Every structure is written in C-alpha cells, then in structure tokens.
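All chains, full assembly: derive it from the sequences and hints.
Protein chains: 2
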Amino acid sequence: MKNRECSIVNVLIYLSYDGTAYRGFQVQPEGPTIQEELEKALGLVYKQSVRLAGAGRTDSGVHARCQAASFEAPFAISLEKLPYALNSLLPQDIVVFGAAEVPPLFHARFSAIGKVYSYTLDRSRYPQVFLSRYSWHYPEPLNLEVMRQAASLFEGTYDYASYCASGSSVKDTVRTLTKVEVKENGDSDLLTFRFEGNGFLYRMVRLITGTLIRAGAGKVSLAAIEASLAGEESSAPGPTAPAHGLCLEKVLYPDLSLL
Amino acid sequence: MKNRECSIVNVLIYLSYDGTAYRGFQVQPEGPTIQEELEKALGLVYKQSVRLAGAGRTDSGVHARCQAASFEAPFAISLEKLPYALNSLLPQDIVVFGAAEVPPLFHARFSAIGKVYSYTLDRSRYPQVFLSRYSWHYPEPLNLEVMRQAASLFEGTYDYASYCASGSSVKDTVRTLTKVEVKENGDSDLLTFRFEGNGFLYRMVRLITGTLIRAGAGKVSLAAIEASLAGEESSAPGPTAPAHGLCLEKVLYPDLSLL
Numbered sequence: 001m002k003n004r005e006c007s008i009v010n011v012l013i014y015l016s017y018d019g020t021a022y023r024g025f026q027v028q029p030e031g032p033t034i035q036e037e038l039e040k041a042l043g044l045v046y047k048q049s050v051r052l053a054g055a056g057r058t059d060s061g062v063h064a065r066c067q068a069a070s071f072e073a074p075f076a077i078s079l080e081k082l083p084y085a086l087n088s089l090l091p092q093d094i095v096v097f098g099a100a101e102v103p104p105l106f107h108a109r110f111s112a113i114g115k116v117y118s119y120t121l122d123r124s125r126y127p128q129v130f131l132s133r134y135s136w137h138y139p140e141p142l143n144l145e146v147m148r149q150a151a152s153l154f155e156g157t158y159d160y161a162s163y164c165a166s167g168s169s170v171k172d173t174v175r176t177l178t179k180v181e182v183k184e185n186g187d188s189d190l191l192t193f194r195f196e197g198n199g200f201l202y203r204m205v206r207l208i209t210g211t212l213i214r215a216g217a218g219k220v221s222l223a224a225i226e227a228s229l230a231g232e233e234s235s236a237p238g239p240t241a242p243a244h245g246l247c248l249e250k251v252l253y254p255d256l257s258l259l
Numbered sequence: 001m002k003n004r005e006c007s008i009v010n011v012l013i014y015l016s017y018d019g020t021a022y023r024g025f026q027v028q029p030e031g032p033t034i035q036e037e038l039e040k041a042l043g044l045v046y047k048q049s050v051r052l053a054g055a056g057r058t059d060s061g062v063h064a065r066c067q068a069a070s071f072e073a074p075f076a077i078s079l080e081k082l083p084y085a086l087n088s089l090l091p092q093d094i095v096v097f098g099a100a101e102v103p104p105l106f107h108a109r110f111s112a113i114g115k116v117y118s119y120t121l122d123r124s125r126y127p128q129v130f131l132s133r134y135s136w137h138y139p140e141p142l143n144l145e146v147m148r149q150a151a152s153l154f155e156g157t158y159d160y161a162s163y164c165a166s167g168s169s170v171k172d173t174v175r176t177l178t179k180v181e182v183k184e185n186g187d188s189d190l191l192t193f194r195f196e197g198n199g200f201l202y203r204m205v206r207l208i209t210g211t212l213i214r215a216g217a218g219k220v221s222l223a224a225i226e227a228s229l230a231g232e233e234s235s236a237p238g239p240t241a242p243a244h245g246l247c248l249e250k251v252l253y254p255d256l257s258l259l
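Here the protein sequences come in this chain order: B and X.
The first sequence begins at 1 in my numbering and counts up one residue at a time.
The second sequence begins at 1 in my numbering and counts up one residue at a time.
Hints listed in this document are in silico derivations from the structure and should not be mistaken for laboratory results.
Any given hint could turn out to be false.
Identical chains share a label here; the pair holds if one copy fits it or two copies do between them.
[Stated by the list, open to error] Calculated pairs, DMTMM-like style, for lysine to aspartate or glutamate (alpha carbon to alpha carbon, straight line, at most 20 angstroms):
no., residue 1, residue 2
1, Lys81, Asp159
2, Lys250, Asp187
3, Lys81, Glu140
4, Lys179, Asp159
5, Lys179, Glu249
6, Lys171, Glu232
7, Lys40, Glu30
8, Lys47, Asp187
9, Lys40, Asp172
10, Lys250, Asp59
11, Lys250, Glu232
12, Lys47, Glu196
13, Lys179, Glu196
Here the structure is a predicted model, which means the values were calculated and not measured.
Below is the structure:
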C-alpha cells in the first residue's frame, strides 16, 4: 500500500481548445464537455479512471488558448510524451501542449491566483469566415475612446454582483481586475478586449463586454457603469455578449518555476 | 417576351467559405456543396431556380478566401443589398461579400484568366487549435532553402500531366504558373505556399505541395522534379497534401474595372 501511494504524481497539463462543439469545460449531463474528453483520454492512457480539475469552468461555446488542469496520476509516465499520447486520443479541437509535475498540494483551480480572458469583435462589414468561430461580428459604429474610458472604470476591486449571471452559487462577489484593455489589431478589423483579474464570476467577462459595447454605441453612460460598480444596480447595464467571442488566454499561478 | 429578356442581369458575386463541412464547390449527389447552398439562397431571393457558375471547383474540404461565381439574375435587385440578403439565408461558414453587374458574356469560370491558391502548414510542435481547420500540421524538419529552389522549378509553362489526379477529364494539361512562393509568417509558426497561375488541374496544387514538402524533407531531389516537369514521369514525385490546408485566395479577371 505504501509504495502504491508514494507513486502518485500530481500533474499539471496545459491545453487549448475550440469550444464550439462543447457544453463548456466541466462534465455535465447535457452533452460533451472538454473535461469529459480529457478524462476519457487519461483513462485510456492510465488504464483506470482519472479525475481532472480544471482551472476555470469555461462556458458552453467558449474557447481556451491556454487552459490549465491538474490530476493525480496513478503512476509516473514520461511527461514529455504525455501530450502526444493524449492528443492521439483526443478530438482535433482539443490540444494538450504541456505537462509538468507539480507539488502534491497544487490544484489547478485553487492554486490559481488569476486569469486572463480575451473577447474578440470582428468589425468587418461582412463576417470574416475563418474567424467567425472565434469572434463576434459587430460591424456597427463604436466610439473607441468612450470604450477605453469605460474599460478603465472596471479596473480595481469592486463587488461585481451585478456582473454575475443567475445560476451561480458564489457568495463573495468581490473581485479585482488588474487590467481591462481595448486593443485594435492592425489591419485585421478585429477589436479585442483583454481582461486580467484574480477571479471571474459566472458570465462576468461577457457581461462586462456587453456593457463596454453598449457604452461604445452611446447606449450606456459612464455614470451608469460607475453606479453598477458602486452596488446601486442589481443587474449589469449591458447584455451578455455571445460565448463564441470569448477565450481563456492564460491561468496565472504564484510560482512560474512550476510551469 | 422582349422586355422579360432585357431585364436579365448578369451578376458576379464574391464569397469566402470554410469548406470543412462541404463536399467541395460543385453540386454533386454525395453531400452538401457550396454551390447547392448558394443556389438555394438565390432561389429564395429571386423566388425561382437560379443556376450558378463558380470560377473554380474547389474540392471537398478546401476553403476559399475569395471565390467568384456568376449567375443570370431573372430581374434586377439592389446589388448593394444582395450580399446581406444571401448571408441571412446562408449557413455561417459561407459569406458573400460582394456583388457586381457584369457584361452579358461574362462567365465566372470561362472569363477567368488565372487563380491564386495558398497552402498553409502549421509548423508548431503541437497543432494550433484555432488554425487546425485551415492548416496542415507538419512539425517535422524542412529545409526551406531547398523548398524555395524546388518551388522555382514549377514557375513557367509545363505539361503538368503528372500533377493531375485521376478522375479528371481534361485533355490539355499544359498550364503556366507565374509564381510559386514559400513564405514564413513571422512569429506564427506558419509556412505558406502561394501559387499563381492561368489554371490548375485536378489536385495540382496539393500534388505540388506534397512534392515541395518531400523535397524539403530530403526525400525528393530537384532532378526528380525537373524530370516530372519534362514529362518523363507519369505521376508526381510527392503525395497529395490534405485538403484542409488549401485555400482559393483569388480569381483573376482581365478587366479589374469589372470588379
């Protein structure tokens, strides 16, 4: 028994996925999820059931450039070869690109100190077909200067209760956003929002994005945003932007030497 | 009768598509095609059956950034609004982005004087998930210098019979390629081949691409390529590269003022 327990290895993996075909990251009855596909592949590699913990529960249709997940491997196998083994078993829209041993107490979700999300708008007159799975086509006029001012209002520590969709059981709705940026991408007609924070509530990024767009369209005032952040409103002044423009870019951990 | 005939308008449309879900451009019994989707949408707009002629019959799984197609519109409608009307009826992976009236004798295919194709390789260690529908993951080492030399051998007028897959009924297999380029794309780990020519045989671009890659891998000599172009071989020295890396970039017409 002792030997068997000693051989358990805590493993962190990095992966990207196109979330279009999935009902989000976390296992659930209604359809295929990223976690389910990964656990299936891990089960085949380790020849026993393996339970995976994801850093963030991305929603149905949301993508990830660098999601992190950890699991207790029942025995050690080459972490150099693990991504290749998993990718050969995974569908093409999920790619594992890194694996590292982490300390026993490390947990992909609870050890995370922050996350970076992006939201991409396609500002072209007609949708760019090769980007349409990963961006929201929004050709209507937007005032970028106003959007940048609105974005900066979200930087700081606030009670984001009004930016949390119903269906969440979270009690503490205070979060800190360290960066909310609005970036134009050269000639590509893309506009990207970038959000960095210590944590995000259910649909928070999409509610902030919807609010920023309404502000840029002149439909929501900066004062209304300030009021929502001061706890004077029960719901966000903007709508929830669609899932397919959202991407989990990165998960932040305290000690980069772990990675 | 006279009035009715006079009202016919010859229309050229430009469109892009993600070919993943289609059995190529041209209507055929085995599955959905781009042409079929377009003719369905045109039928709804014009309330009668409309027959479309595509500039190039892209294969199953092949994409297009700018395909051209023409049709005789039974009556005139605003060509400014036509793309919006069609896009509202088309699946999301086909986007019409331009429409123009063209002279009565113009035909998208027969009036074309050339085409530009690209073929994209993803050279990353692990596939880039957001590009995997539009590139072939090929992480193995390649000698770019040799590939550039090989590419230049294809520039010129040759009998490309050995670069024509079986299944084609074309008699004259002589074509002129004005440009065959090998381009690195900055930091993106992408390698793109660009082919410009007056016409392309069935699977010609994919056979040349397969040959260029074999040359870059040191498995096909420049002499073997020269022999294939001199008509000394009945088949190409390389394999057919997979469809999903290929994209019809542009169709060339004699008079740009038409566009």
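When the hints from earlier in the document are held up against this structure, which numbers fail? As far as the earlier hints go, 1, 8, 9, 11 and 12 are violated by this structure, in ascending order.
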